[in-house]
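As a plain string of letters, each chain reads:
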Amino acid sequence: MSLSILAVDDSQTIRNMLNMTLTDAGFSTRLAEDGLKGLEVLENNSFDAIITDINMPNLDGFGFIDAVRAQERFRSIPILVLTTEVAPELKARARDAGATGWVVKPFDPPKLVRALQLVAG
Amino acid sequence: MADNTDAMAEIRASFFTECEELLESLQDGLDAVWNETSDEETINVIFRAVHSVKGGAGAFGLTQLVDFAHRYETALDEVRAGKLVPEGEVLKLFFRAADILSDLLQAAKEDGELDPATFEEVLSGLAALAGGEEEEEEALDFQPLILDIGDETPQLAELPGELPPGLPPLSGPAEGEGDAQGDSGGHIYFAAEKELFLNGNEPLYLFRALADLTELTSRCNMDDLPDLSDLDPAVCHLSWDLTTGADIDAAAVAEVFEFVEGLCTFRHRLPEPELPELPALPELPVLPGAPDTAVGAGADGEPGVAPAPDAGAPPQASDAPAPKLSTDQDAKAPAAPKAGAQKPAPAKPNPTIRVDLERVDRLVNLVGELVINQAMLSQSVTEVDMPPNAAITKGLDEFMQLTRSLQDSVMRIRAQPVKALFQRMGRIVREVATEVNKNVLLKTEGETTEVDKTVIERLADPLTHMIRNAVDHGLESTEARLAAGKPERGTVTLTAGHRSGRVVIEISDDGAGINRPKVRQIAIDKKLIEETAELSDSDIDMLLFMPGFSTASEVSNLSGRGVGMDVVKTAIQALGGRVSITSTPGQGTCFSISLPLTLAVLDGMVVEAAGQALVLPLNVIEETMTVEAAMLGEMGRETQVLRIREGFAPLLDLGTEMGFRTPLESYLDHVALLIAHEDGSRSALVVDRIVDQRQVVIKGLQNTFGQIPGVAAATILGDGQIALILDPLDITMNASGRTRQPSLSLAG
Chain P
1 MSLSILAVDD SQTIRNMLNM TLTDAGFSTR LAEDGLKGLE VLENNSFDAI
51 ITDINMPNLD GFGFIDAVRA QERFRSIPIL VLTTEVAPEL KARARDAGAT
101 GWVVKPFDPP KLVRALQLVA G
Chain B
122 MADNTDAMAE IRASFFTECE ELLESLQDGL DAVWNETSDE ETINVIFRAV
172 HSVKGGAGAF GLTQLVDFAH RYETALDEVR AGKLVPEGEV LKLFFRAADI
222 LSDLLQAAKE DGELDPATFE EVLSGLAALA GGEEEEEEAL DFQPLILDIG
272 DETPQLAELP GELPPGLPPL SGPAEGEGDA QGDSGGHIYF AAEKELFLNG
322 NEPLYLFRAL ADLTELTSRC NMDDLPDLSD LDPAVCHLSW DLTTGADIDA
372 AAVAEVFEFV EGLCTFRHRL PEPELPELPA LPELPVLPGA PDTAVGAGAD
422 GEPGVAPAPD AGAPPQASDA PAPKLSTDQD AKAPAAPKAG AQKPAPAKPN
472 PTIRVDLERV DRLVNLVGEL VINQAMLSQS VTEVDMPPNA AITKGLDEFM
522 QLTRSLQDSV MRIRAQPVKA LFQRMGRIVR EVATEVNKNV LLKTEGETTE
572 VDKTVIERLA DPLTHMIRNA VDHGLESTEA RLAAGKPERG TVTLTAGHRS
622 GRVVIEISDD GAGINRPKVR QIAIDKKLIE ETAELSDSDI DMLLFMPGFS
672 TASEVSNLSG RGVGMDVVKT AIQALGGRVS ITSTPGQGTC FSISLPLTLA
722 VLDGMVVEAA GQALVLPLNV IEETMTVEAA MLGEMGRETQ VLRIREGFAP
772 LLDLGTEMGF RTPLESYLDH VALLIAHEDG SRSALVVDRI VDQRQVVIKG
822 LQNTFGQIPG VAAATILGDG QIALILDPLD ITMNASGRTR QPSLSLAG
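Which chain is which? The protein sequence lines are P and B, in order. Read left to right, the first sequence gives residues 1 to 121 (my numbering). Read left to right, the second sequence gives residues 122 to 869 (my numbering).
It cannot be assumed that every hint is accurate.
Calculated Cβ distances over 12 Å to all of chain P for the following chain B residues [claimed, not checked]:
1) Arg480
2) Gln495
3) Ile513
4) Arg525
5) Ala541
6) Arg620
7) Lys639
8) Arg699
9) Ala734
10) Thr745
11) Glu749
12) Gly757
13) Thr783
14) Pro784
15) Ser787
16) Asp840
Computed list of lysine to any residue pairs in SDA-like fashion (alpha-carbon distance at most 20 Å, straight line) [as the list claims (entries may be wrong)]:
17) B:Lys574 to B:Val531
18) B:Lys574 to B:Arg545
19) P:Lys111 to B:Ala373
20) P:Lys111 to B:Glu323
21) B:Lys540 to B:Glu571
22) P:Lys111 to B:Leu334
23) P:Lys111 to B:Ala375
24) B:Lys564 to B:Val154
25) B:Lys540 to B:Ala153
26) P:Lys37 to B:Glu162
27) B:Lys540 to B:Thr570
28) B:Lys564 to B:Asp220
29) P:Lys111 to B:Arg329
30) B:Lys230 to B:Asp477
31) B:Lys820 to B:Asp482
32) P:Lys111 to B:Thr126
33) P:Lys111 to B:Thr335
34) P:Lys37 to B:Val166
35) P:Lys111 to B:Ala332
36) B:Lys315 to P:Ser76
37) P:Lys111 to B:Gly182
38) B:Lys574 to B:Thr473
39) P:Lys111 to B:Tyr326
40) B:Lys315 to P:Arg75
These are computed hints drawn from the structure, not numbers from a lab. Heads up, the beta-carbon is just placed ideally off N, CA and C, and yes, glycines get one too.
All chains should be built: construct the whole structure from the sequences, respecting the hints.
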């Protein structure tokens, strides 16, 4: 099934990689470079799932997830956290913030796609 | 997945471009800390820069880079956490680490790696700053996690560390009686907690993913469904019994349910392919409702993993918090966004796009053609003698203006701020200052000044040398500074700016200034000048640019790098630039480099020799004069010289040198162009007449004709005529074997 995905990451390289991976998987993809931009894009678009980095300027991943979940219509949108950190407490924080799942950077493209399918069908 | 080799190569290239920007903001941040102009966001910017380098590097398997960035990032995180203050030696280490990061990137870009020995010291310094927590963390990361499914079937579901650590083990004895699929299949019991939905998970997708892996049957338990009046729509009142085929393996199941661990009651008993004969499965207690026992028994050594909270509680009762990860026992408030994280964005730079340089160059070339075309058109119109207010003349004027603006705009695309170049100089200053044990501050001004990309690239080496010189020779030793009543810390200032259509870069120091008597004596000792030569102050200063000149009375290892200031001068001249010195004893020295804005157009002098129009770069022509009998002299049998004030310059006929005609019998009434050489000597090129001075568009010939001695490039003049752009220095050098005499005078 073709999903529409919002991917938020401040690194151009990672955005490029995400774009390539998701497009190859047949998903339609929108990219944003930080949490604030991500919220802007969410404002007028609907997505099946969101992927977000944690360390970002302006609004980091935790703040972004908070802000997304704070809106009633996004209560149940799946959010995957993309992070280089594998520390358990980070995953715990992400989950407490409302993240659905996580993918560790550098991500393995098929695994990312599988993770998206797990949370978004 | 499709073949993405090309796309990956492109992304890789963009990664390195991005890293340049990241390094720049890293450097900016460190500079701000150094200059005490940082604010609380600065350290976040620094951290993110290193973090992003690491993230991207990981994607391309650049392990050396990842490892180093990781250490660096960990140390920076200590600063973020307020445990470490970036000052003194710590800050110096951060600067060095930034330099190494830059080196590592450069090496990675060229598919190489650095010799680990070169940065071992910095690496261990960073590790020391991080307080050795690193190792602990990693040890924790790779702790294998035992999934405990109960005492009865200990070895059935041991997952060999496949699951990420820190989560409570999948707990509780497995549900299922083994009735549906016989002994070969697996059984999973699944009941979602409320939080599972709040985190955006959807059991259906999990089951679907499982169904993709194996033959799956599911049975939904609705026993716990309350009366409609008691029903909380946010709570899952259902649970499922899933039966899988025998082909399922535990790792795959773990991956499917990874995200919901702790958010559900999950028990499984999976087939064990390793064991051909399964022991008879024990009768397992039926849940929900049964208390969990023996949870975490296999997870010994995993600090802080407490037994999962009552995961088997009936869903109705699960309004209580879902099982939380108990490793997170430090004081950090979990989901609260960081205070600094939501600060409004600082002033954003204009959006940019990345364009292949080749495309830009093509555009530059086309605009060049357009400029030539426009000039030809203007000339044709002038030739037909239109009245000055004719519509066509006016139109052409506007056309010319537009063409010029277009050309300017296009040239500006190739222009880059000198900032990155200046930042590299910061590093040189730090390195040299450490080597010669001086305390040096580098000030930069006009970093946003834009210069053609190629000019910037080719300026790096000469500028590096001049900066080294300024720190090594320009500034006095700390003792001498203090004795002279100067501040202990010497200052080197690097400025860039536009001045009358050129870019001027100045390197100045507040050192002792040029010791002119000493310079003069050295030049005499080295037989560069006559003992009796009368030289002005600026003449003496220019001696520094003579080949073979070195002022270092004690040879420091910096000055012995095989490049002298003469090479600097040559490099700058090759860019169409000029370099000059001003120096005040006791106050310092300033080297000033003046460069053309672009390498695509040239300020040229159009001359005629043997009926050919030729272009000479204006910046090497010192003066022009009509040759008169009184000026001519002879030196030896073949060489005619031009007498200019107190010196002589050998005369060369341009037409002859270019092979257009046989040598002239007399140079009288021809025009001599005095060419200044980098070694201070001069020669005179004789031409028939000077046609014009104008900007010409440079058209490279090398791709087509290779290197032609004496010819730098070509251009098309307004009348459509093709003219060669000459390299007069090359011409006179080639001729020197026959006619040119060694330097006779420096004065001028």
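Against the structure, the hints come out as follows:
{"no.": "1", "hint": "Arg480", "in the structure": "19 Å, holds"}
{"no.": "2", "hint": "Gln495", "in the structure": "39 Å, holds"}
{"no.": "3", "hint": "Ile513", "in the structure": "50 Å, holds"}
{"no.": "4", "hint": "Arg525", "in the structure": "35 Å, holds"}
{"no.": "5", "hint": "Ala541", "in the structure": "17 Å, holds"}
{"no.": "6", "hint": "Arg620", "in the structure": "36 Å, holds"}
{"no.": "7", "hint": "Lys639", "in the structure": "53 Å, holds"}
{"no.": "8", "hint": "Arg699", "in the structure": "39 Å, holds"}
{"no.": "9", "hint": "Ala734", "in the structure": "49 Å, holds"}
{"no.": "10", "hint": "Thr745", "in the structure": "53 Å, holds"}
{"no.": "11", "hint": "Glu749", "in the structure": "66 Å, holds"}
{"no.": "12", "hint": "Gly757", "in the structure": "66 Å, holds"}
{"no.": "13", "hint": "Thr783", "in the structure": "63 Å, holds"}
{"no.": "14", "hint": "Pro784", "in the structure": "62 Å, holds"}
{"no.": "15", "hint": "Ser787", "in the structure": "67 Å, holds"}
{"no.": "16", "hint": "Asp840", "in the structure": "49 Å, holds"}
{"no.": "17", "hint": "B:Lys574 to B:Val531", "in the structure": "13 Å, holds"}
{"no.": "18", "hint": "B:Lys574 to B:Arg545", "in the structure": "15 Å, holds"}
{"no.": "19", "hint": "P:Lys111 to B:Ala373", "in the structure": "12 Å, holds"}
{"no.": "20", "hint": "P:Lys111 to B:Glu323", "in the structure": "18 Å, holds"}
{"no.": "21", "hint": "B:Lys540 to B:Glu571", "in the structure": "9 Å, holds"}
{"no.": "22", "hint": "P:Lys111 to B:Leu334", "in the structure": "14 Å, holds"}
{"no.": "23", "hint": "P:Lys111 to B:Ala375", "in the structure": "13 Å, holds"}
{"no.": "24", "hint": "B:Lys564 to B:Val154", "in the structure": "14 Å, holds"}
{"no.": "25", "hint": "B:Lys540 to B:Ala153", "in the structure": "15 Å, holds"}
{"no.": "26", "hint": "P:Lys37 to B:Glu162", "in the structure": "19 Å, holds"}
{"no.": "27", "hint": "B:Lys540 to B:Thr570", "in the structure": "8 Å, holds"}
{"no.": "28", "hint": "B:Lys564 to B:Asp220", "in the structure": "18 Å, holds"}
{"no.": "29", "hint": "P:Lys111 to B:Arg329", "in the structure": "16 Å, holds"}
{"no.": "30", "hint": "B:Lys230 to B:Asp477", "in the structure": "17 Å, holds"}
{"no.": "31", "hint": "B:Lys820 to B:Asp482", "in the structure": "12 Å, holds"}
{"no.": "32", "hint": "P:Lys111 to B:Thr126", "in the structure": "19 Å, holds"}
{"no.": "33", "hint": "P:Lys111 to B:Thr335", "in the structure": "18 Å, holds"}
{"no.": "34", "hint": "P:Lys37 to B:Val166", "in the structure": "18 Å, holds"}
{"no.": "35", "hint": "P:Lys111 to B:Ala332", "in the structure": "17 Å, holds"}
{"no.": "36", "hint": "B:Lys315 to P:Ser76", "in the structure": "12 Å, holds"}
{"no.": "37", "hint": "P:Lys111 to B:Gly182", "in the structure": "17 Å, holds"}
{"no.": "38", "hint": "B:Lys574 to B:Thr473", "in the structure": "16 Å, holds"}
{"no.": "39", "hint": "P:Lys111 to B:Tyr326", "in the structure": "15 Å, holds"}
{"no.": "40", "hint": "B:Lys315 to P:Arg75", "in the structure": "13 Å, holds"}
Hint violations for this structure: none, all hints satisfied.
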